[in-house]
Structures are given as C-alpha cells and as structure tokens.
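A.B. asks: Kindly generate the complete structure, drawing on both the sequences and the hints.
Residue numbers (this note's numbering), protein chains in the order written: chain D, 1 to 486; chain E, 1 to 228; chain X, 1 to 216.
If you're looking for bench data, these hints aren't it; they were derived computationally from the structure. Fair warning: there could be bad hints in the mix.
[What the hints assert, rightly or not] With a Cα cut of at most 30 Å, we get these calculated BS3-like pairs of lysine-lysine:
hint, chain 1, residue 1, chain 2, residue 2
1, X, K10, D, K394
2, E, K170, D, K154
3, D, K41, X, K10
4, D, K381, E, K170
[Stated by the list, open to error] Here chain D is said to cover these stretches of chain E; the calculated rule only asks that three of the stretch's residues, wherever they fall, bring their Cβ under 8 Å from a Cβ of chain D:
hint, region
5, 59-72
6, 140-150
[To be verified] Over 12 Å on every C-beta distance to chain D, these chain X residues come out as not near it, computed from the model:
hint, residue
7, V55
8, D70
9, G72
10, E82
11, R88
12, E89
Cβ coordinates follow ideal geometry from the N, Cα and C atoms, glycine included.
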Amino acid sequence: MKPSDPIVDLEARSFGRRSLEALANDSLRGALDKVTTEFAKRREQALAQAPDWEIWREQARAIKAHTLASLDTYLAQFMERAEARGIHVHVAQDREEACALVWEIVQQAQASNVVKGKSMVTEEIGLNEYLLSQGLAPVETDLGEWIIQLAGEKPSHIIAPAIHRTREEVGHLFHTELGVPESHDVEELTAVARRFLRTRFAEAEVGVSGVNFLVAETGSFLILENEGNVRLCTSLPKVHIAVTGIEKVIPRLADLDVFLSLLPRSATGQAMTTYQTLFTGPKPDPDDEGPEAIHLVLLDNGRSNQLSTPLEREALACIRCGACLNVCPVYKQVGGHTYGSVYPGPIGAVITPALAGQDRAGNLPHASSLCGACRDVCPVKINLPELLLDLREKGEEAGLSERWGFAVWSRIASRPRLSSVLGRGLTRALGLAQSSGLFARCVGRLTATLFPPLKAWQRGRELPPMPARSFRQLWKAGLDAEEPPA
Amino acid sequence: MGTLAPQVGVATVELLRRAGCTVGFDPQQTCCGQPAFNAGHRREACRVARGVLDALGSGDELIVVPSGSCAAMLVRLPSLFEEGQDHERACSIAERTRELSQFLVRDLQVTSLGARWPGKVTWHDACHTLRELGVRSEPRQLLAEVSDLEQVEAVGCDTCCGFGGTFAVKHAEVSMAMAEWKIRHIEETGVTAVVSSDVSCLLQLGGRLRQMGSKVQALHLAEVLNTR
Amino acid sequence: MSTSQHSLLKRIRNRLGGTQAPELPPVLRIVAVGQKTDTFCMALESVAGKVHRVVNGEDGLLILRGLIEDRGWESIACSDAEFLAHWREALGSSCHLDSRTHPIPREELLEIDAGLCTAQIGIADTGTLVLCSEAERHRLVSLVPPASVIVLFERDLVPDFATALQRLEQDGLPTTTSFITGPSRTADIELTLTVGVHGPASVDVILIGDPSGVGE
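C.D. replies: Here it is in structure tokens:
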C-alpha cells in the first residue's frame, strides 16, 4: 500500500489561505509569540556562556561542507563499519521503500506493539499512517509527539511539536481521549503521560527512533533527548529500528564534541541534553540487556537532489535545532502548520521543495521577507537567504502576471527618462486619491486597482502624501547647484 | 525613493553638504534592481541594474546611499555581473558604496551635525542595513548627538518590519501582522517617531501607522539629522 | 554491500559530479579548565541533580541508607558492579540484583522504587555520567526506576566531553554508551519545565574520593 505523502500535505500550496487562518487564531498567536521569544532568549543566554561560539560554528560548517561534498565516501565507511559491529544497515530511496522496510522488520519480529521516539524523518515518510494501514498502531512516547498523536495533528515546531497547544487544551485533550480528570497543571499532565506510556514501553516488541548523528569512523550513531523515552524505546523492546536521513553522517567520533556543543544550545538553550546515547552495535551476549537486533534505515527521499552545488549542499548540513524557526518573523506570526510541511520555517522552505518536489512546495521559498535573521542563528552557518533566493530564481512559481509585470517594469526602469515620466504620472494619479474632490479620488482609486500590487498594498497600509516633485526634478531645479557651506 | 520620498534625498544632500562634502547625482541611474532580484527574476534585475553600472561604474567618488537595502544590493552587484568590464565596474561600485550613517560615522568620522529634533524616538534596524552591511551602532550614535532628542530601544527593534519586497503584496496579511507586531512594541515605548534608514521599511511601518491613525510618525534618519 | 547500498552510493557520486571537497578541518577539542570535582558538582546541581561527596565506600553506603530512609524507598534495583557487592549485601532483601544470570523480570523492575549502579566516567564540565554497557549491567537499572543513585569515583572524573571520548576510544567503545546529565525533563507543554518524565525524576550521585575506592 502506497503511503500518502505526508511531508507536504496537499494543502502546502495554500500557504496563503492557511496563514489567514493562523492569523485569525489568537490563542495560537499568543502561544507562538511566547514560545519563539522564550526559545530565542534561552539560546541567547546559553551563548553568553559560550565565548567560542563563532569558532564552533565555523568548525561545524567546515566539517559539513567537507563531508557532504564527499558523502559517498563517508556513507560507505559508515555502512561498512556499522555492519562490522553487527548493525543491520538498510537503504531506502524513498518513503515507500522506507516504510516497507520498517514493516518487514516489524513483521519479522512478530510485533504487535511498536513504540516510537521523536523522529522528524518518520513523520516525513508517514510511518505511523503506514503502520496503521497495516493494522498496527505505533505509540509516540515523546510527550509533545504523544500529545499531537492524540490530537491527530502534525508537529508545529521541529523541537517542541505541541508548542501550539496551551495547557488547558492539553488537559482537555487528555480528559477526552484518556478519560482522566481534566487538569491544567503541567506537572500533573506530565505524570499522566508517564503513567500511560510506561506499560507501552514494556510490552513493545519493536522500538523506533530517529538519529541525530551517524559517525563514519566508528560505525556508531548518536541520539539526544531529555525525557528518557528514547532510551526506553531502544532498551526494552527486542528490536530497535533507527530511521535517518543520509545527510546525518559526520566523519570522526571526536567531531561529536563540536556538534553536541552547538545543538542543545541552539535548540533549547541547554549546555547538554539530559541523555545522549551512542549506539555502536547490538549486545555481544544474548543474555545482556538491550535489543537483540539493531536495524538502521538510511533514507534518501530527495536529499541526493541537493548535492550538485556547494550552496545546495549547505541545506543538507542542518542539524535540526529549530533556531531558525524561533527567530523567523514570519514563523512567529503563522506557526508551523501554515507551511503544510513536516519541516516548517526557513529550513523547511529550503529543503521541502527538494524532498517533495517543486510542484508541491515551490511556493514555500516565497513565504519569507528575506530578513536574514535565520542565517545569523544557524549553528552550521547555512546561508538560508541565499538558498531562498536561489530557489526563487530556479523555481517557476511566478504566474504570468508577475513575470509580465517584471518584464514591463524592467524595461521601463532601465530607461531613466521614461521611468521618470511614468513615475511622476503615477504619483500624480495616486495623489488624486488623496485630494478632496470626489471625482479625483475615484480616479486615484481606479489607478490603484489597475496595479494589483498596489491594491494589495493598500489593503492595510496608507500611502504617504504624494510629493509634488520627484527628486530628479528637484535636483534639476536647483538642488544640484549649491556648494557646500564655507 | 526618488519618486515616493524625494524629501529623503533632499535631506541627504543637504546634510552631506553641511558636513563638508561635494555632492553629485547622476540622473541616469534609476534603480538597483533589487525588487526583481529578490523575487527571483535575475535577468530583469540585471537589465535595470545595468543603468547603475553605466551611471556610477567609472567614477572614483564614494557612493552614499540613504537606503540600506539599496546599498546592500549595490554591494552585491559583482555577483550579478560576473564577467569582463561589467564585473570590474560592479566591483568598483561595490567598494565605493556606503549607506548614509556608515559613511558619516566611519568615513567622515562625524557624529554631530548640529541637528535638533525635540522628541522621543526609537531606531528600527532595517534587515539589510543590519545584517548585510553590519550597521548597528552608527545610526544610534548619530541620533544620540541630536539636541533635545531622546532615544529609546524598542523590543524587537531588529526584527523585520515585514516589507520584504514582493512579499509585502504576495503575503500581504502576514506582512501586515509583522508590521503590527513591531508597532505594538514601538508604541509601548511612548515615542513620537520610529526612525530608519530604509525607505521601504518606512513605507511599510508608516503605511500601517497611518492606517491605524497612530500618532507615531515614521521618519528617515536623514530627515531627522537635517532638522535644526 | 547490498544492491541498494550500491545504488545509493552511485546516485550520490553522480550528483556530486566529481566535485573537489573542501578540506576537513583538524579535530577541534573543546577543553574545559577548572577544578574538576567542584565543576562537576556545580554543573550537575544546576540541572537538578544532587551530589554527595564522601571519602570512601563506607561513607557512601551511609549516604545511601540516608537516601533510602529520606525518600522512603522500599526496594532498590542494583547493578552487578563488583564495587557494589558489599552494599548489596548490606541492603539485604530490599536490594534486587540485576545480573546476566539473574535478570530482574520486567514487571518487577517497573515497580521498584530506585536504581543503583556505578558510572565509568564523569564529565566535570557538564555534570555528566558515562555508563558503558559492557562494564556492568546498569542500562535498565539507571533508567526504569523513578529514582537513580549513581556511584562515581573522583579518579574517573575527566574535564570535558572530548576527553571522555578519547578515554572511550582508548578502552574500546562499548556497544551502548549512555551519557546522563541529571534527572529526566521536558518542556513540551507551554515550555514549562517539568522534571521527571519517562526517565528517573531524581539523580543522586555518590562521589567517592578515596583513590582505592574499595567498600571497606
């Protein structure tokens, strides 16, 4: 059964419509403002204690630039060494293959219970929906993921997937879905999660996780977390399936140092997450603790489409910290769901077109004011605005009217005298709209409607009083002649 | 800017002269091409920016631009014209380009221009000015030297106003929400004006402020510095 | 190498198109300075862990007994670390040993109040405990019970993560290396921090200073 395409739900193209819905949702906007501000603040505080931050960033950028430009070498090394340690390494070209692979392993394990740690990649491939279609209901165990699973929603933020939900909403959700008394106390709600999920960990035959870093040198992989649910998912069940993108590989074990110094600080402002677990093979003795088998699924799903140029490869350097979301002024207003992609915000706008195709997500790079705040905070120095510009140039998003508009504009604007005359005419006409006569105002308004951009502009912004003369005219009228004062 | 806000150009010329500069202007220039470039229409951007190459490409004077985003675009010209003479001219322009406050403080080493503007203002860091040109302290230093002017920092002073070129009309509601977010924080400070070095930001913020009937004005740095 | 692995690598190579990769920078070791023990204590306590400094194993056992009484723990799951043999004996029936030959059944482990084990390395810079899977059986004991007590020897403290990695590589990487920094936590609801989610809600480290580190 072909899984539906979850990375971009069919509505990704209606960023516009969804942004209107988001803007009308006061509770969401309040939550977004609060959360993005808080995350950004924590990051700032952590950086204040890290005087070598820029040195770390540059190191990480350089490591990724090198690794991604030699990705085949490092993946080959990783696969060889991981397999030598006893990890089963599988490759999936796309989400269908990935889901099928996971399902096969689940069947071999004769599993009827699957627990999951937080993994954006498994959302990307629609694993939960696929397993459900096969009659198996995987249980999310990360608190935020569990909340949105109960609510039937998608994550709205890379790090904190349920951040768009208030405690009251969560309390109500638990009450409705789990039958517990409604509470709005965060500690009580967390305790509910612990209670409910405890037995799931114990009865699951298979635990699914994501991966934060693959280490080529040792054939190991590393997972970070704060809650402990990933440790449980990967220790109690007899089979551990880790799913990850091919871009996650780093060359040396020692490189973990710089990445682990950057990631928690960028994501949550922590110097270190509560748990990091480094997996370097299944247990040597069958009587030891831990799973009998570790399966690792390496996913391409369009990532290899971003390997051709150094700029494109930068997008693959992302370590999924979410810092760009927290400073993005657009994300702050509309939140993650508006993007209609598993990966929202600036990084989402840059990788989704490659993963889901231009036709489905080519509009996303345009949903940005190109302010550059994201580039400033990216721990691996991805030049996000440059990537957005590159995608805008390569994409074919512009409708006929826009292309026509710019074509005409550029021919006018490259002719000084013509553009001067037309510019004055336009300001004269718009000035009429600002004058007192009714007829004049009508003419002015009509002018505005002839230019759709002007119409859109004026929906909420008033033009300034139109000047009587342009700068060019003023210059010629005498401004050019003055000398500097003695 | 020449069409919609010529007073900014006039103020710039006057205050540069007061600072002792000889100011020239080549009427052959039209636009730096940024609106097209940012929307992904490189060819159209080049067509327009060529006028800048012709007008400004062979001089040796510094090019002072009272607009951060235009200055940033001029600095970027070498990547639009990558070959031959065009590239040389583009590099020459890029080297000689200065945003206004950058020029005054770093090149002329002047912060006091004898200006007087009674009132409370807050500075808005335009994105290109801040992030591409690295200009943050210079405008604040200049404002600090204006008599009777009180300067306060607003929360989110370096957050984007929401203009973003075609973004402002393609995603008009989000653009306005971004402006409103900033305006809320600006109004919290009790200022009478928000000051910036970017005409696009002023159109955006000013446009929304006017629509809201706010008492807060949106002013260009040159206008403030040119007031006595 | 499987066919799918092969075709992945081939596809990547094609896309890269023989590009010249920029140089890989030499390893950057992020080193920490300062008095290790003090740094370790401050760092762990800043994330709601507790450190109890003692001079020898006997004093450590006293601390443990104190914790058991204060916290009302009726049962303790204990790893098979050799150092803890004396402690396990002293705790008597409240102690459940988790060993290869006598593993604690899952349903039982889920009901136990606290877990006790040792850590192989301590990282001073961040207050982190490093547990190596082949050194002792402590993976579940340090994870499942709601309270965790971990014994660390001062001589096993290293200044920073980089040094810890070096040690691990020298000794041979275990199959599972667990880095633990304090009790489990989440801020998934409204970014409000809650301590104690799926992992232990409390972490008490008994830091033993005696170089011989023996129980008596």
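A.B. asks: Hinted pair, alpha-carbon criterion (30 Å max): K41(D), K10(X). Please report holds or violated.
C.D. replies: violated, 44 Å
A.B. asks: Hey, is G72(X) genuinely clear of chain D, shortest beta carbon separation above 12 Å?
C.D. replies: G72(X) is indeed farther than 12 Å from all Cβ atoms of chain D, at 18 Å.
A.B. asks: Is K381(D) within 30 Å of K170(E), Cα to Cα?
C.D. replies: holds, 28 Å
A.B. asks: Does the no-contact call for E89(X) survive, Cβ to all of chain D over 12 Å?
C.D. replies: At roughly 23 Å from the nearest Cβ of chain D, E89(X) sits farther out than 12 Å, so the non-interface label holds.
A.B. asks: Does the alpha-carbon distance linking K170(E) and K154(D) stay inside the 30 Å limit?
C.D. replies: Holds, at about 26 Å.
A.B. asks: Verify that the Cβ of V55(X) lies farther than 12 Å from every Cβ atom of chain D, and report whether the claim holds or is violated.
C.D. replies: holds, 28 Å
A.B. asks: Counting residues of the region 59-72 of chain E that have a beta-carbon nearer than 8 Å to any beta-carbon of chain D, does the count reach 3?
C.D. replies: With 0 residues in contact (Cβ-Cβ under 8 Å with chain D), the coverage given for the region 59-72 of chain E is violated.
A.B. asks: For the pair supplied as a hint, K10(X) and K394(D), confirm whether the alpha-carbon distance does not exceed 30 Å.
C.D. replies: holds, 26 Å
A.B. asks: Taking 12 Å as the cut and beta carbons as the points, is E82(X) off the interface with chain D?
C.D. replies: At about 17 Å from chain D, E82(X) clears the 12 Å cut-off, so the statement holds.
A.B. asks: Please verify the coverage claim for the region 140-150 of chain E: does it have three or more residues whose C-beta sits within 8 Å of some C-beta in chain D?
C.D. replies: Our answer is that it is violated, as 0 residues pass the Cβ test (under 8 Å) against chain D, missing three.
A.B. asks: So R88(X) supposedly isn't at the interface. Is its beta-carbon more than 12 Å from every beta-carbon in chain D?
C.D. replies: holds, 18 Å
A.B. asks: Taking the shortest Cβ-to-Cβ distance between D70(X) and chain D, state whether it exceeds 12 Å.
C.D. replies: holds, 21 Å
Checked against the numbered hints above, the structure breaks hints 3, 5, 6 and satisfies the rest.
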